[in-house]
Amino acid sequence: MALDYDRKDCFIVEGKLALPYSYFAGRVGSTFITTLRDKKKIMGVKCPVCNKVYLPPRQTCERDLTDIRDNWVEVQPAGEVVNFTVVRYDDKHLPRKAPFVMALIKLDGADTPIVHILDGIAPEEVKIGMKVEAVFSSSPTNTILDIAHFAPKKPEKAFVSERTPAGAKGEEPVISQEEKLLKERRKAMSKKVIITAALAGAATMKNQNPSVPYTPQEFAEEAYKCYKAGAAMVHVHAREDNGMPTHDHKRIKDTHDAIKEKCPDIIVNLSSAVGMGKTPEQRISQIVYVKPEMASLNTNTMNFSIIDRKTGKIFIDFVFENTFTMLQDFGKAMEENGVKPEVEVYDLGGLDNWFLIAKQGFFTKPYNFNFVWGVAGGMAFRPDMFMVLKNALPEDSNFTTCGVGIEQFPAVTMSCLVGGHMRVGLEDNIRIPTGELAKGSWEQVEWAVRIAESLGREPATPDEAREIMGLRKR
Amino acid sequence: MAHKKNRNVAIIGVGQTKHSSHREDVNQPELIHEAVSAALKDANISIKDVDCIVHGNMELFEMIHQPDLWHVLGTGAYGKDSIRITTGGTVGTTLACASDNLVASGMYDIVMAIGFQKLQEGHTTGGITNMADPLWFRNLQTGALTGSTAYDVIQEFGEERAKRAAMMYRIIMDKHACLNPNAHRAFGLDFDQVETLMNTSPKLVGELRLIHMCSQSDGACAVIFASEKKAKELSKKPVWIRDHITIHREETFNIFGYHKNYPVLKTHKFAAEQLFKRNDITNPLEYFDVFEMYDPAAWWGLDWLRDFFFLKGDEHLRLVENKEIMIDGSMPINPSGGVIATNPIGATALLRVAEAALQVRGDAGAHQIPKEVKHALASGFGGTMWTVLMMLEKELNW
Chain A
203 MALDYDRKDC FIVEGKLALP YSYFAGRVGS TFITTLRDKK KIMGVKCPVC NKVYLPPRQT
263 CERDLTDIRD NWVEVQPAGE VVNFTVVRYD DKHLPRKAPF VMALIKLDGA DTPIVHILDG
323 IAPEEVKIGM KVEAVFSSSP TNTILDIAHF APKKPEKAFV SERTPAGAKG EEPVISQEEK
383 LLKERRKAMS KKVIITAALA GAATMKNQNP SVPYTPQEFA EEAYKCYKAG AAMVHVHARE
443 DNGMPTHDHK RIKDTHDAIK EKCPDIIVNL SSAVGMGKTP EQRISQIVYV KPEMASLNTN
503 TMNFSIIDRK TGKIFIDFVF ENTFTMLQDF GKAMEENGVK PEVEVYDLGG LDNWFLIAKQ
563 GFFTKPYNFN FVWGVAGGMA FRPDMFMVLK NALPEDSNFT TCGVGIEQFP AVTMSCLVGG
623 HMRVGLEDNI RIPTGELAKG SWEQVEWAVR IAESLGREPA TPDEAREIMG LRKR
Chain B
197 MAHKKNRNVA IIGVGQTKHS SHREDVNQPE LIHEAVSAAL KDANISIKDV DCIVHGNMEL
257 FEMIHQPDLW HVLGTGAYGK DSIRITTGGT VGTTLACASD NLVASGMYDI VMAIGFQKLQ
317 EGHTTGGITN MADPLWFRNL QTGALTGSTA YDVIQEFGEE RAKRAAMMYR IIMDKHACLN
377 PNAHRAFGLD FDQVETLMNT SPKLVGELRL IHMCSQSDGA CAVIFASEKK AKELSKKPVW
437 IRDHITIHRE ETFNIFGYHK NYPVLKTHKF AAEQLFKRND ITNPLEYFDV FEMYDPAAWW
497 GLDWLRDFFF LKGDEHLRLV ENKEIMIDGS MPINPSGGVI ATNPIGATAL LRVAEAALQV
557 RGDAGAHQIP KEVKHALASG FGGTMWTVLM MLEKELNW
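For the protein sequence lines, the chains are A and B, in the order given. Under this note's numbering, read the first sequence as residues 203 to 676, first letter to last. Under this note's numbering, read the second sequence as residues 197 to 594, first letter to last.
Result set (DSS-like, lysine-lysine): computed pairs, CA atoms no more than 30 angstroms apart in a straight line: (1) B:237 <-> A:254; (2) A:254 <-> B:276; (3) A:452 <-> A:408.
It should be emphasised that the hints constitute simulated quantities derived from the structure, not laboratory data.
Kindly produce the complete structure, drawing on both the sequences and the hints.
Structure representation (structure tokens):
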């Protein structure tokens, strides 16, 4: 609308009127206030005709004017929020500094709600239906403020909700007695934490840390030290003598067997990535050939590069190819050969890729996941994201975690804290938390053990780890 | 002839509270509920039989907004049609007129009018002040306090006679109030106090003294109106509403003036002339058996007798001086004690109708006039210079 009308000589008389008043509460209202003040009881009145309990109390039932002034009933000092508003402006007549919540609260035992201040909760947290309780004033006010305010009700006991499996339709799956016992056993072992040592990887070289193993013998020695320090599993990328990662079946088998010979108890988890530039055939055939108890299974095609973390300069740009077909074929090959996949999750999309392929139904429970942080091309470690991943896991899952460089220990600490397992090792990080070079992967294992102990968990033995992860011992 | 009416309407129940300066023991809906339950009991019906509630008060006087909604717990309007009316001091009689019209129209068979005020809770002057236009001396407004009528009567009849007559009127009203257990102020004044009170009662404005003036009261009144058919079914003593009139015709709004060209308050006369003419009543003083007048102050009560009854010269003074307006006189005025005794504003004018109806029924108790009442008159008056008159009849025979 146009505002260009003629306002010349248009006077406005400014005025102010006082509005003094008294309010006579009446006998019923007075009884409510005095009972609240003197006995800290909240009283309503019940209509014998319609059975409604009115709060605030009133002399007559509005429906048919039944006189209900003497039908006092006590209602509970707790109830639920049926509606609310957030006061977002400050004024001298307001009882709180904005923002604060005025809620319509129906107390247990009453049929009508009362309005009051809701404290002890941020406005954005308030929900209709939430349970609240009265907080009585310490000194009498002779007003409704003898209830100082309402606050969220403290829970009577901890509420634990069972996680539902992704895609579950609410039907209980039929499980055998044996599976049931296994599940119970795994649950009992939730105190146990599986520590994995990733001894070498494909990229960490002796010039970075001289303890990185190349030869089968070095792998065996390193694995044994880690086992003694508390590791239940080692993760292995076999190397040539010159340090280059290899897909050679014999070299890989020799490395695997050397470890098993030196340390028969330990679980060997082989990489199905092997190293840069390997073909899908080269990557999976060695797994089928060696048949380790466990092997990594990668979930998404991604950048897997080497970037200077300080300057952002690209040293090596590489695309790590893991198509849906590879995820499917590698997964099937592992399951068919009794090799338990360790599903590598570099981001949430990778996990969702696994969910899609898992629809085919060939993955066996329990599922084992590894959240990988800090790969240039993957995700950096963030506790929030950790919880997102953890909460997204299907039922009957275990998870461990590893982080590149300085993200290694924060990530494994969080995993241990929230019930997961821990992977350390020179593949991910060449140092210990003090910043000094690790004397070997075993020294990082020692740190992991200390973290676990400080969080009240114990390192799992390899056999316990097998039971938790559902491995077949070889 | 009376104004055209679709069907006859009768009052079948009246109820009121004990009126008082304070009612700490009840809140507003509870106060109203006392009158409502009394009226329902009087009519021997339940709230379920009532089709519509007509609620009235001076909205600003309790400093609450939407009073009819606040008061549902007391009025019983839950789930019913409900109408709120405010017309100033006349509101009570306007409620009665509206209820009569609502039933006569055929829209509702039974309507309950509820007039209410709890003056102790609010600020009357704060409310009344809002009537005035802020551009023209809003600050002057003080409600019904004016000394101009006292001045006029004194000018016309001399100071001694005028003051004595006004105080006689006042004492008669107090004597009536003493007979009415619901009246707010009943002092027990006697005629030998005329001289003393004339000279010692504190002056408010000119010769308008505190003792002349009406009270501020807390109270409520409910009156139930029914169609002829329903009234005959439900009531042994229906009181028929013959006619009513509302007049609002001052050419110049002038409550201070004395100039003959700008007459003060002629709506009573206009209302009476028209109402009586169309009902073929030539001598109202003879026709009516009782008059419940809205008399906010003794000077006005005295002066207005002349306007309502077409009296000449000093006839109205003589009615008072000869105590003809007393309960056993020829023209009893306000056997209830009137507005000077009891003034819960929104209820006050409805109390006039209710009290007149009780007189027609013969149910007024200690303040029932001794002779048979066949024809009763009730008036309402407001600060906006309105007059409402209502005629009640014992027989349906006009």
